[in-house]
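> The residues making up each chain are set out below.
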Amino acid sequence: MGEDTDTRKINHSFLRDHSYVTEADIISTVEFNHTGELLATGDKGGRVVIFQREPESKNAPHSQGEYDVYSTFQSHEPEFDYLKSLEIEEKINKIKWLPQQNAAHSLLSTNDKTIKLWKITERDKRPEGYNLKDEEGKLKDLSTVTSLQVPVLKPMDLMVEVSPRRIFANGHTYHINSISVNSDCETYMSADDLRINLWHLAITDRSFNIVDIKPANMEDLTEVITASEFHPHHCNLFVYSSSKGSLRLCDMRAAALCDKHSKLFEEPEDPSNRSFFSEIISSVSDVKFSHSGRYMLTRDYLTVKVWDLNMEARPIETYQVHDYLRSKLCSLYESDCIFDKFECAWNGSDSVIMTGAYNNFFRMFDRNTKRDVTLEASRESSKPRAVLKPRRVCVGGKRRRDDISVDSLDFTKKILHTAWHPAENIIAIAATNNLYIFQDKVNSDMH
Amino acid sequence: MEFKLEAHRIVSISLGKIYNSRVQRGGIKLHKNLLVSLVLRSARQVYLSDPCPGLYLAGEEDTDTDEEMETGNVANLISIFGSSFSGLLRKSPAGGREEEEAEESGPEAAEPGQICCDKPVLRDMSPWSTAIVAF
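Quick note, the sequences are listed as chains W and Z, same order. Numbering-wise (our numbering), the first sequence opens with residue 1 and increments by one. Numbering-wise (our numbering), the second sequence opens with residue 1 and increments by one.
Since the hints were derived computationally from the structure, they do not count as laboratory data. Being a predicted model, the structure only gives us computed values, none of them experimental. You may find that some hints are simply not true.
To be verified - Once the Cα atoms are required to be at most 30 Å apart in a straight line, the calculated BS3-like pairs of lysine-lysine come out as:
#, chain 1, residue 1, chain 2, residue 2
1, W, K44, W, K138
2, W, K413, Z, K29
3, W, K413, W, K244
4, W, K328, W, K413
5, W, K44, W, K263
6, Z, K4, W, K328
7, Z, K29, W, K214
8, W, K244, W, K125
9, Z, K29, W, K414
10, W, K414, W, K244
11, W, K125, W, K138
12, Z, K29, W, K328
13, W, K116, Z, K29
14, W, K84, Z, K29
15, W, K244, Z, K29
16, Z, K29, W, K341
As the list claims (entries may be wrong) - Chain W regions said to be covered by chain Z (calculated; three or more residues, Cβ under 8 Å):
#, region
17, 82-94
18, 328-339
To be verified - Anything over 12 Å on all C-beta distances counts as not near chain W; from chain Z, calculated:
#, residue
19, F3
20, G26
21, L35
Virtual Cβ for every residue (Gly too), placed ideally from N, Cα, C.
Okay, chain W solo, but in the shape it has when bound (with noise of 0.2 Å):
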């Protein structure tokens, strides 16, 4: 680990082409914190980098606020539950970043089991001018001290120092997909397969469980949790999405178990549309608020939709992301890729929405020009400083040049992971294990 592993992943510059993906280094999560200033990512191996914006200065214009490594560690570990002789991924499944509250950054990791807390904090002075130790640590001869001196505090190569606050553990039965801080910021809800808890950022040794939808005979198990999210101003509402494709709003003032829903979103199935694979692919892989706390944003396998928390029959709108998948779903089926789960993100005037898809393609929708685009990220096509080119997926009919036909359509290459910074057009986009930050320099229209 160190310098060799950080320079691989920025794509700020042509690297050697690294076709073969050790697993370790796929990149799981990325999400920017509050202000935008850092931007964590989280691996397969377990480890989190954390990129640090850096300021803009006159004397290097062409610098303008790019991002360098600002710490590496190893946030988890594998590990062997040797009662039910599984072994435990130490993939990072989700980071939340804290708001900051000191001169220190905290942030929340966790695998599929335990979430820790990881305090972020920079050293840049150090205490010269002991009395009973020399300069590398060792103790002095104290014939040779002949005066008392005051230690000072002198400027020192700026050290960041990371370290595990607090470890929460055995808080989940089934696999952790989603983490949400609350806007009380003193509390965290953490959900798995079937049920969702609520912790005390301060208190590592229990925690509330608030939505259970474990039937009593597992054999009459229908659906699933598959994403949850706390409301980011009232901090007593918080959402939960499940693999038929409903949303539940759940307002933990009601009862001490959330177990029925404040609200149910959901959209009645679509019958000349019903396959095999109809379940799957209405299933919700993420959810997230927008920033202003109306609308909800679902990603399902071949659609976005905006969701208005006052209108529960429908959504009020819905993007194709990829429809012409449509009719390729038996063998995504074969190639496990229909289980593919893509994230979605909210721009920060929540007019843009953003979500991966397959052969390094993301789309944008603006939802006020119901314009879209779709860009690849890949270092083919981004040079440094060069402008996006959009790019088209033909489907029959007339094909341009540059078109990328269905059948070319490279499935191991898939973005599930975009973040987008919380105030500017900066995102980040995270192509198996490369992390692609792109800035929006002028304000261009998407077509």
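Mind docking chain Z on chain W? Use the hints.
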């Protein structure tokens, strides 16, 4: 007939996925197995409802009683996949609840002995033999 072949193929693929999930790192994923079992159930329903020559139609048999049919090949499947597979084959009055026992066995698990299969599926044994041969 096309639907039947397609359904048969999907059943074989699904069984393979369930089998592979047992050896995957990180343990059995409940969500994925639930989805696969739903596909398996849909494919099975299509397979059974497709009226093809030689197929015993569902209406003619007593669908309410659990019958111990010729379970030779099914027993083979059980020995390959383990007792948790029996839930997938159970024909229940509710229309076929098929669920893979994922994380928890024990009191909630299906009893290994109760294996029941629809006559038509057992009659046309080649899909199941294919699955066995594959694994």
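> Holds or violated: the region 82-94 of chain W covered by chain Z, criterion of 3 or more residues with Cβ-Cβ distance under 8 Å?
Answer holds; 6 residues pass the 8 Å Cβ test.
> Does W/K414 sit within 30 Å of Z/K29, going by the straight-line distance between their CA atoms?
holds, 20 Å
> Can you confirm whether the C-alpha distance between W/K413 and W/K244 stays at or below 30 Å?
The given pair, whose Cα atoms are some 27 Å apart, holds under the 30 Å limit.
> Need the status of pair W/K413, Z/K29: alpha-carbon distance at most 30 Å?
holds, 23 Å
> Verify this for me: three or more residues of the region 328-339 of chain W with a beta carbon less than 8 Å from a beta carbon of chain Z.
Our answer is that it holds, as 5 residues pass the Cβ test (under 8 Å) against chain Z, meeting three.
> Is the hinted pair W/K328 and W/K413 satisfied, with a Cα-Cα distance of at most 30 Å?
holds, 17 Å
> Holds or violated: W/K244 with W/K125, Cα cutoff 30 Å?
Outside the cut-off at roughly 54 Å; violated.
> Would the pair W/K125 and W/K138 pass a check requiring their Cα atoms to be no farther apart than 30 Å?
With Cα atoms ~20 Å apart, W/K125 and W/K138 stay inside 30 Å; holds.
> Check whether the Cα positions of W/K44 and W/K263 lie no farther apart than 30 Å.
violated, 35 Å
> Would Z/G26 pass as off the interface with chain W, using Cβ distances and a cut of 12 Å?
Violated, because the least Cβ-Cβ distance between Z/G26 and chain W comes to about 4 Å, which does not exceed 12 Å.
> Straight-line Cα separation of Z/K29 and W/K341 no greater than 30 Å?
holds, 13 Å
> Does the claim that Z/F3 lies outside the interface with chain W hold up, using a Cβ gap greater than 12 Å?
violated, 10 Å
Hints 1, 5, 8, 19, 20 and 21 from the list above are not met by this structure, while the remaining hints are.
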